[in-house]
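Those sequence lines, one after another, are chains A and B. In this text, residue positions in the first sequence follow the numbering used here: the first is 1, and each later residue adds one. In this text, residue positions in the second sequence follow the numbering used here: the first is 656, and each later residue adds one.
Keep in mind the hints are simulated off the structure, nothing from the lab. You may find that some hints are simply not true.
Residues on chain A that point at chain B, a partial pick, calculated with CB under 10 Å [unchecked claim]: (1) 157; (2) 240; (3) 343; (4) 348.
Simulated DEER-style distance windows between Cβ atoms [to be verified]: (5) 699/B to 556/A: 52 to 58 Å; (6) 698/B to 50/A: 37 to 43 Å; (7) 764/B to 625/A: 37 to 43 Å; (8) 354/A to 747/B: 37 to 43 Å; (9) 315/A to 711/B: 30 to 36 Å; (10) 699/B to 262/A: 16 to 22 Å.
All values derive from a computational prediction rather than experimental measurement. We treat Cβ as the ideally placed atom computed from N, Cα and C, and that holds for glycine.
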Amino acid sequence: MLYNVENFASHFFVLGDPLIYGADVSIVLVSLAIVFVLTYYKKWGWLWREWLTTVDHKKIGIMYMIAALLMLFRGGVDAILMRTQLIMPNMPFLKAQHYNEIFTTHGTIMILFMAMPFIFAMMNIAVPLQIGARDVAFPYLNAISFWLFFFAAMLLNLSFVIGGSPDAGWTSYAPLAGLTFDKGPGENYYLLALQITGIGSMATGINFFVTIMKMRAPGMTLMRMPLFTWSILAACIIIIFAFPPLTAALTLLLMDRLAGAHFFTIFDGGNPMMYVNMFWMWGHPEVYIVVLPAFGVFSEVVATFSKKRTFGYASMVASLIAIAVISFFTWVHHFFTMGAGPGVNSFFAVATMIIAIPTGVKVFNWLFTMYQGRIRTKLPMLWAIAFIPNFAIGGASGVMLAVAPADYQFHNSYFLVAHFHQVLIGGVVFGMLAGMYYWWPKMFGFMLNERLGRIAFWFFNIGFYVCFLPQYWLGWMGMTRRIYTYLPGMGWTFWNIISTFGAYLMGVGFVFIVLQILYSIRYGERDLTGDPWDGRTLEWSLPSPVPHYNFARIPEVTGRDAWWTMKEAKQKGEMQPELEPLKPIHMPNDSGRPFILSVLFFIFGFGMVFTWYPMAAVAFIGILLSLILRSFEYDTDHTLSVDEIRRTEAAYGRV
Amino acid sequence: MSTIDDGIQEHAHSYHHGGPSAGKEDHGPWKHIIGFVISLLFTALALWMVVAHIAHASMLFAVILALAIAQAFVQLFFFMHISESHAPQWPFHVWMLTLGLLFTITVIVGSIWIMSFGTESY
Ligand code: HEM
Ligand SMILES: [Cu+2]
Numbered sequence: 001m002l003y004n005v006e007n008f009a010s011h012f013f014v015l016g017d018p019l020i021y022g023a024d025v026s027i028v029l030v031s032l033a034i035v036f037v038l039t040y041y042k043k044w045g046w047l048w049r050e051w052l053t054t055v056d057h058k059k060i061g062i063m064y065m066i067a068a069l070l071m072l073f074r075g076g077v078d079a080i081l082m083r084t085q086l087i088m089p090n091m092p093f094l095k096a097q098h099y100n101e102i103f104t105t106h107g108t109i110m111i112l113f114m115a116m117p118f119i120f121a122m123m124n125i126a127v128p129l130q131i132g133a134r135d136v137a138f139p140y141l142n143a144i145s146f147w148l149f150f151f152a153a154m155l156l157n158l159s160f161v162i163g164g165s166p167d168a169g170w171t172s173y174a175p176l177a178g179l180t181f182d183k184g185p186g187e188n189y190y191l192l193a194l195q196i197t198g199i200g201s202m203a204t205g206i207n208f209f210v211t212i213m214k215m216r217a218p219g220m221t222l223m224r225m226p227l228f229t230w231s232i233l234a235a236c237i238i239i240i241f242a243f244p245p246l247t248a249a250l251t252l253l254l255m256d257r258l259a260g261a262h263f264f265t266i267f268d269g270g271n272p273m274m275y276v277n278m279f280w281m282w283g284h285p286e287v288y289i290v291v292l293p294a295f296g297v298f299s300e301v302v303a304t305f306s307k308k309r310t311f312g313y314a315s316m317v318a319s320l321i322a323i324a325v326i327s328f329f330t331w332v333h334h335f336f337t338m339g340a341g342p343g344v345n346s347f348f349a350v351a352t353m354i355i356a357i358p359t360g361v362k363v364f365n366w367l368f369t370m371y372q373g374r375i376r377t378k379l380p381m382l383w384a385i386a387f388i389p390n391f392a393i394g395g396a397s398g399v400m401l402a403v404a405p406a407d408y409q410f411h412n413s414y415f416l417v418a419h420f421h422q423v424l425i426g427g428v429v430f431g432m433l434a435g436m437y438y439w440w441p442k443m444f445g446f447m448l449n450e451r452l453g454r455i456a457f458w459f460f461n462i463g464f465y466v467c468f469l470p471q472y473w474l475g476w477m478g479m480t481r482r483i484y485t486y487l488p489g490m491g492w493t494f495w496n497i498i499s500t501f502g503a504y505l506m507g508v509g510f511v512f513i514v515l516q517i518l519y520s521i522r523y524g525e526r527d528l529t530g531d532p533w534d535g536r537t538l539e540w541s542l543p544s545p546v547p548h549y550n551f552a553r554i555p556e557v558t559g560r561d562a563w564w565t566m567k568e569a570k571q572k573g574e575m576q577p578e579l580e581p582l583k584p585i586h587m588p589n590d591s592g593r594p595f596i597l598s599v600l601f602f603i604f605g606f607g608m609v610f611t612w613y614p615m616a617a618v619a620f621i622g623i624l625l626s627l628i629l630r631s632f633e634y635d636t637d638h639t640l641s642v643d644e645i646r647r648t649e650a651a652y653g654r655v
Numbered sequence: 656m657s658t659i660d661d662g663i664q665e666h667a668h669s670y671h672h673g674g675p676s677a678g679k680e681d682h683g684p685w686k687h688i689i690g691f692v693i694s695l696l697f698t699a700l701a702l703w704m705v706v707a708h709i710a711h712a713s714m715l716f717a718v719i720l721a722l723a724i725a726q727a728f729v730q731l732f733f734f735m736h737i738s739e740s741h742a743p744q745w746p747f748h749v750w751m752l753t754l755g756l757l758f759t760i761t762v763i764v765g766s767i768w769i770m771s772f773g774t775e776s777y
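Construct the entire structure; sequences and hints are all you get.
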């Protein structure tokens, strides 16, 4: 009996590794600390009422952002561990298996649980405000999306201490990720976490597509929409069409693993390359899902901090749409080396190179927007400017990779690693940080400290080049990705030392961002105007932080850069339209069910990971029940009285 | 494109009708339930036929393909209300359907093309 328990525990909990014991201890300590603080300050009710049950897009956006920053930290720690292992040949720091697990969780977390929630954060915070709406089309669904993402992230992170992490790469290629080569529950964690967060992403895609199409303020035609909103529309189109192939691929792989199917096995009629094919049908569009919103942020930031309207608005819109569509015709460039023949490889090589054209158009438009503008290098603008050389190099190395015959050399070398970090960090992370700095006062009503932000910027930016430029060299010298150690005498040691040093610099940069936030929470200057950057779009017409109904009166839009147009009209002393009397506002009710539903999904996922089917079945019935209960719920919204609105507006000094 | 000045009104309305495109007719959830059940049946049928090996591989392929196409139509008619579009929105419906069709064909034809590698002579 005792032996059985011991045996079970030693498989269930990951034992024997000091790093993991450290994680165990810190998880327990942090959880205890949270429970203690919430209880001591009697904040449980507040947490539940204000955050866990909210359907307000602004609060959901803030929660996405906090989660994304936490995941950036977790993924960043993974990165530091990997770079430490690679700093010298024959480093005894991490074992092969542990290294495999770390690069797998690093990639998975960074793409799906950092980049994705970060873009969802920005779109939740800004899109409804930019289009003059009071919420998204389906606020309740929006809360479900967030909590599904959140608990999927928790599920994946749990694998570290319970059962063992996935270890077949963020791409989880069959047959390596199949049952024959990978028994442990780690891969199951990967598959279920991705499925659960995938449901949330799909719902978000639909939600924001409908929001943008149906809920714009009167006068805001499509061609008057801010470019950030356009970029989100394009990203939503990609989400809607790209996630189904991933869902299918993961489901089939899960059936292979749990139900003895043979879709992607080597024998019995399976075809592992079909998994690769299906994965990249999602995988390539996915990189544009995360980078287009960053482009959108840059468009807003560059125009605002150059005090000019965006150069070439129509071509910006056209290139967003072109990128969205063409991104579905390039996926084979991730497996040219499968050897699908010259016809296939040429077609996808050319399609890949074509994408560089609309991307180039956008870069030139940003440059022309800055040209002769009155540039203020505030933090958001700093990150936007830094993005441009970065993306030029990343795009160039991308086109090099797109040359199919050359890719036989570059593929899966450190050259590839350098390429995608250049576009993902230089594009997505820089973009999301720019967005965070830009909208921070709108979210919280105070400014972030510039000085600490600048220190963070320089550490991160210089660290970035120091870390990743040497990796192009290493790739040319034959260093392949996903190796946990190498021999001295390969000629790689010097560049690896440099690269690791760069990674540490980026780590320091991140620490300064955290310091900056903590410092500014205490000492940050308050934003009383609601328009600290002299903005151009409607979100800056509102007080900071924005009241929960957003607009007391829905604005009437008369031109592109709606808020700028209004400000100009006021300055010229043009007749202001008479203010309409306030009307009662219809708002959706808060609900605890999205949270509970997602907890049930978490339990379902956990049960499936360990094939504890009774547990999964009970949770599944719970999921169905909560869906049915929702269908019979009729009391889903309430009305804010004119009095309440007037009181809130008066508190902001706006009547 | 019509714009709606009070979006919340619009979606509050949609709570009871299954979606913003549900329009004026109120047909309750039955259409969705029937569509859901048909989809489940088609899927179960495909799975059963393959697991029970009721025919040759080529025959099975044909039947599964037919079921898949039929199910796509179920989706379009029972869930996406393709037959109910009203005038102001039509260009967008047509655009999105065209895009959907384009991507679907790309995925299927593309996969067959890519995965039949090695069978072509070069
Ligand atoms: C000019 C635009 C771009 C071109 C021409 C391009 C081209 C390529 C090619 C050909 C590969 C495959 C190389 C190989 O596996 O050997 C690749 C990999 C990759 N690219 Fe790009 N790319 C571009 C932009 C981007 C952007 C904007 C992102 C993300 C924001 C991105 C993220 C990635 C990732 C994550 C991988 C590697 C995935 C993996 O194998 O794990 N790329 N790119
Ligand atoms: Cu790609």
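* To do: Return holds or violated for the Cβ distance of residue 354/A and residue 747/B against the range 37 to 43 Å.
  => violated (26 Å)
* Honestly, do residue 764/B and residue 625/A meet the 37 to 43 Å range at C-beta? -> holds (42 Å)
* With a cut-off of 10 Å on the beta carbons, see whether residue 157/A makes it to chain B. => violated (32 Å)
* Status of the given 16 to 22 Å range, CB of residue 262/A versus CB of residue 699/B -> holds (20 Å)
* Outcome for the supplied range 37 to 43 Å, where the beta carbon pair is residue 698/B and residue 50/A -> For residue 698/B and residue 50/A the Cβ distance comes to about 42 Å; the hint holds.
* Classify the hint on residue 240/A as holds or violated, based on whether any CB of chain B lies nearer than 10 Å to its CB. => Check passed: Cβ of residue 240/A comes within 9 Å of chain B, closer than 10 Å.
* Could you say whether the range 52 to 58 Å given as a hint is met by the Cβ separation of residue 699/B and residue 556/A? => Roughly 53 Å apart at Cβ, these two residues keep to the hinted range, so it holds.
* To do: With 30 to 36 Å as the target window, see if residue 315/A and residue 711/B comply at their CB atoms.
  => Hint violated: Cβ distance 54 Å, outside 30 to 36 Å.
* Given hint residue 343/A near chain B, where the shortest CB pair must fall under 10 Å -> holds (7 Å)
* Asked: Should the hint that residue 348/A touches chain B count as held when the rule is a Cβ pair under 10 Å?
  -> holds (8 Å)
The structure is inconsistent with the numbered hints 1, 8 and 9, although it conforms to all the rest.
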